[in-house]
Every structure is written in C-alpha cells, then in structure tokens.
Amino acid sequence: MNRYTARTGTLEGVMILVGILFLFPIYILVNLSVRPLDDLSSPLAPTTNPTFDNFVNAWNQAGLGGALINSAIITVVSVALIVLLSSSAAYALARATARWSTISFYGFMIGLLIPFQLGLIPLYKTMSQLGLLGSLLPLIIIYVGLRLPFSIFLFVQFLRQIPLDYEEAASLDGASTFQTFHRVVLPLVRPVTGTVIILNGLFTWNDFLTPLLYLSGSGNQTIPVAIYTFVGEYATQWQLVFAALIIGALPVLIAFFFIQKSLIQGLASGVKG
Amino acid sequence: MQNNPSAQAATGLTRPPRARARRGSRYWPFIVPAVVFYVFVVLVPGIQGAGFSFTDWDGLNPSFSFVGIDNYIRLAGDPQAVRAVLNTLGLALVATVLENLIGLLLALALNGRLKSRHILRVVFFAPVVILTIVIAFLWQYIYTPDGPLNSVLRGIGLDGLAQNWLGDPKIALWSIAAIVIWQFSGYSMIIFLAGLQSVPVEQLEAASLDGAGPFARFWHVVRPLLAPAITVNLMLSLIRGFMVFDQIWVTTQGGPAQSTDSLSTLVYRNAFQYGELGYSAAIAVVLTVFVAVFGIVQYRYVLRSGVAK
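Going down the list, the sequences are from chains X and P.
Be aware that the first sequence starts at 25, since it is given in our numbering, and climbs by one per residue.
Be aware that the second sequence starts at 59, since it is given in our numbering, and climbs by one per residue.
Careful: at least some of the hints might be erroneous.
What the hints assert, rightly or not - Label pairs and their calculated CB-CB ranges: (1) Val94(P) to Val54(X): 25 to 31 Å; (2) Ser286(X) to Ala274(P): 32 to 38 Å; (3) Ile44(X) to Tyr357(P): 38 to 44 Å.
Said to hold, decoys possible - From chain X, some residues computed to sit far from chain P (all C-beta separations above 10 Å): (4) Thr32; (5) Gly43; (6) Pro60; (7) Asp62; (8) Thr72; (9) Phe79; (10) Ala122; (11) Gly131; (12) Ile138; (13) Gly143; (14) Leu147; (15) Leu160; (16) Gly169; (17) Leu172; (18) Pro173; (19) Asn244.
Honestly, the hints are just simulated from the structure, not real lab data.
The beta-carbon is built from N, C-alpha and C at its ideal position, and this holds for glycine as well.
Given the sequences, and given the hints that come with them, work out the whole structure.
Encoded structure:
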C-alpha cells in the first residue's frame, strides 16, 4: 500500500496542476497588489517592477489600523467568552442526567436551525433601546449568543466519548465540581477547544453583516467593514483595493499556518467513525 | 431529588461518586450564563421576529397592527420572493453537492502517499481562512467582462465561453455559486480528511488483496466509515448555502434584475432599505422553515442509519 508507483507520480502531477489552477485568483490578488498604479498591462502578466506603495497607501487611507484593533478586541473577547461558556455548559449537559439537561440540550440545538436573519430586526431594536449601537459591546454579545449552540454541540459530542473515571477520581480526592471542571475536564477537552477557538475566531473575524448594521454611522469599524467602505470609495483603483484586501486577510492566514495541524486533529476528533 | 447538605452532614454519609454525577442541581451554575446569552440573542429575538411577520410594522412607527397572514399571502404572490426562494434552494443544493464531491475527491487524493500532500492541503484550505468579502471583491474583479477570467478564456482560444459572468441574469447566480464552491470545497476536504484518519489501512489492504478495485474499496470500506464526516459536511454546507449573503451583497446586491436575490438579501433589503419589517420577517420565517426542514430530515436520516451515537 505504501509504494510510490508511477500511478502515484501521475496523481501527484495532476494534483499539483489542480492546485496551481485553484490558486489562480490568489495569484491575481497578489500580482495586482504589488503593481504600480500607472502600470496598465494585463492582470495576467507578472508585475515587472513590484512596489509596496499600495499597501502603505491602503493602510493610511482605509484607516485599517483602528479597524484591526477593533476586530482583534471583538474576536479575542468573544472567542474567550464562547469557549468559557460553551465548555462549562457542555460539561453540565453531558454529565447531568436530570431531565432538564436533555431538554436544555435540544433547546440549544434548535439554535442551529434558526437563521440569524429571523431575529435580526428585533435584536437590533432591543440593542438600540439599550443605547448600545455604535459600540463594540453588542457585537460581542451577539457573537457569544449566536455561536454557543454549535460550540456546545462540539463540546458535548466530545465529552460523551470521554470516560467518567478521571472525574470520579478527582471527586473522590475531594475536588469540588468547579475544581473538577477546571483541573480535569478542561485539559481533557483541549483538542476540541482548539477547534472551537479556530472556527469561532474565523467566524467572528470574517463577519460582515453584523458590524455593518451595528457600527454604521459611528467612528468604529471592523476589518470587513473598513474594506467594504474603502472599496466603495476607490473601486476603480484595483491595485489599492487588492493591497487592502491582503492586509485584511493576512492576520488570519498567518494564524492558520501556525495552527493548521491542530485544526485538522481537532476536527478529526469530532468526526471519528 | 434535592440534595440536603445538613442531613448529609448529620449522618456523615456522602453518596458514591457515580450516583452524585447523575444528580443535576450542582451543575446549574455551569449552564446559566450560556442560557442567558442564548435566550437574549437567539431565542427571544427569533420569537419576536416570527411575531412581527404577522404585523405591518415599518420599523420606525411605534404603532402597528396585526394583519394575520397577509404578509405570507403577499409573499406567495410576489414574483421577486418566489424567485428568491428558488435561487436560495438552487444555490444551496448546487453548492452542497459540488463542495462535497470536490472536497471528497481532494481528500481521497491527498490522504495517500503524495509527497506534496501537506502543502496541497494548505493550498485548498486557504480560501476558507480568507475574509469572505475579500473573496467576493476578488472574484467580482475576476468576473469583469474584460477581467482575468475572460482574458484567459480568449487567450486559449475559447472566446465562445467568455461571458458577462455577473451581468448576465441567466448565469449570474451560478457565477456566485462558483465563488462559494471555490471558497468552501477545502473545508469539506479537511473534514473528509479528518474522517479518513479513522479508516484503518489494514482494512483497505485486506480489501485490496480480495481483489476489490478502487471503487469497490471506496464504496464498501471507506464510505461507511466516512458517514459521520459526510453528515457533518452536508449539514454545514447546506446551512451555509441557505444563508449566503456576503458573496451576493458584494458582487451583485441581488441584481441584475433581481436574478441573484436570495432569501437573506431579500430580508436585508426589505428591512433596512424598504422599511418593510413585517414583510421582511415573513421572508425570514420562510428561510427558517427551509433550514429547519432540511436540518431535521437530515438528522432523522442520520439517526435511522445509526451513525449518531
């Protein structure tokens, strides 16, 4: 099974070709972002005299610095809260066998089937009555509430596969429920914690509709909104636009390269046959 | 059911750990914060939204009246809404099928012995971690009539295939579907790859010694073991497909001639541009019904096939 045959070589060649074709849009993105504004040659041709001016200009004109900070605050705080609340809720749901825990579990799972659009307007109304429009707070509250069902689902599935022995040993040693959760359960669920962090981090960082609604008219922006506004103003200068697009995509891409291995392992634990 | 600490202290008895683990009350503090956020953000607004669908509220005027199912009757007779329903279904189904097919083929190819498999996995997964609006703007440019895609087609002599990808009402929706598929096939791939880790090499070898060809091996050995990954993938891509918003809003805003409107864009436009909140809520309810029906059907199918444990 593990020989590298001629057929394997052919497959390798085909897959590399497919990979190159697949990256064609990314090539266009990078190629144009380093191109001087007065270079009008075909977007397919490699840029002959690359420059980083577009990045500097896009950064300054789009106010990406402030947007990056806002996006980072929202993502870090939301994801931290999601991990804390969903892991502890999942612990209760997976370990308590009282009837309320089954009902609560399905109550949370209904949330997977409710599209965000259904509650969009009433929630906006409530947030505006609370005077929270324009600040980062409603975004964090929304992301936490919105992402809890999926995160709880992942944690519960994982916890149900873990034997009770460790927790029983801890409680025999006199550990309280909180200590058991903190010292025993949290380390055990670490693989799925990684997945929860990554998937929710991606969602929060990428989300466009919520900040578009809740931050509009305020000085605050997130990266997707800043880019959307910037493109609206500079739509004809694709070089500048593409530089801004790359700046927006880069933080997550860099994070991804560092954690891709644990991402795959974490997902694997969720879909074991 | 309630634990009585004073009685326990008096007798000096504590319950054995397993029995204690079955009791519920001491777990309450762990779940209450999650419930608070969930009820405030998802449940209450969802119920309110469903309620607004029976009113003529415009979003500004504090007074509104109940109009029964008028909004739903209007929806059924509104060609724009009917179009959006068909578009949403079409987009979700096409994206789901192709994302999973492509994702599965990529996973099977990159699970094996290829030397470049690690770098290729990163390549195909990369679009997942790029901002959706970045991808949407990038493809909007690629699709422009004199843009890169048409340049390539003309360059290799396929002038006939060059299209006004986003400007032609007949194909604009499928051009957007292609963006979504490009973006998320790698996501399917990663989940299939994860599922393939549980397919034992010995079983594949045994099947291969029995003379099973690649297709027989896939169907009888790999497919049953991949069932959980297939379930997760179908669920994720269907829900994603039903709710596509950013890609449409950035590239066409539902145009040309409403040919790319989905239920999500229609909800947004009616609520925040036309001030038709009651009608918008009715559209959102229809979207909810679609997601729920497909979700529940799939969940039941999974239960019956014995995959869910």
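Tested hints:
Checked against the hint of 25 to 31 Å, the C-beta distance between Val94(P) and Val54(X) comes to roughly 45 Å, which is inconsistent with it. The beta-carbon spacing between Ser286(X) and Ala274(P), approximately 35 Å, falls within the hinted interval of 32 to 38 Å. One distance hint, 38 to 44 Å for the beta-carbon pair Ile44(X) and Tyr357(P), holds here, with the actual separation near 39 Å. The non-interface label for Thr32(X) is inconsistent with chain P: the shortest C-beta to C-beta separation is roughly 5 Å, within 10 Å.
Its beta-carbon lying about 5 Å from the closest one in chain P, Gly43(X) breaks the requirement of being farther than 10 Å from that chain. Residue-level check passed: Pro60(X) sits 18 Å from the nearest beta carbon of chain P, beyond 10 Å. No Cβ of chain P approaches the Cβ of Asp62(X) within 10 Å, the least distance being about 18 Å, so the stated non-interface status holds. The non-interface label for Thr72(X) is consistent with chain P: the shortest C-beta to C-beta separation is roughly 17 Å, beyond 10 Å.
Listed as a non-interface residue, Phe79(X) keeps its Cβ farther than 10 Å from every Cβ of chain P; the least gap is roughly 14 Å. With a least beta-carbon separation of about 3 Å from chain P, Ala122(X) fails to lie farther than 10 Å from that chain, contradicting its non-interface assignment. For Gly131(X), the non-interface assignment is contradicted: its Cβ lies about 8 Å from the closest Cβ of chain P, within the 10 Å cut-off. At the 10 Å boundary, the C-beta of Ile138(X) falls inside the reach of chain P, the nearest C-beta of that chain being 5 Å off.
The claim that Gly143(X) lies off the interface is violated: its Cβ sits roughly 3 Å from the closest Cβ of chain P, which falls inside the 10 Å cut-off. With a cut of 10 Å on Cβ distances, Leu147(X) falls inside the contact zone with chain P, its closest approach being about 4 Å. Chain P leaves Leu160(X) outside its interface by the beta-carbon criterion, the shortest separation being 15 Å against a cut-off of 10 Å. Chain P draws Gly169(X) into its interface by the beta-carbon criterion, the shortest separation being 2 Å against a cut-off of 10 Å.
Not every CB of chain P is more than 10 Å from the CB of Leu172(X) (nearest about 5 Å), against its label as outside the interface. Not every CB of chain P is more than 10 Å from the CB of Pro173(X) (nearest about 7 Å), against its label as outside the interface. No Cβ of chain P comes within 10 Å of the Cβ of Asn244(X); the nearest lies about 17 Å off, and the non-interface call holds.
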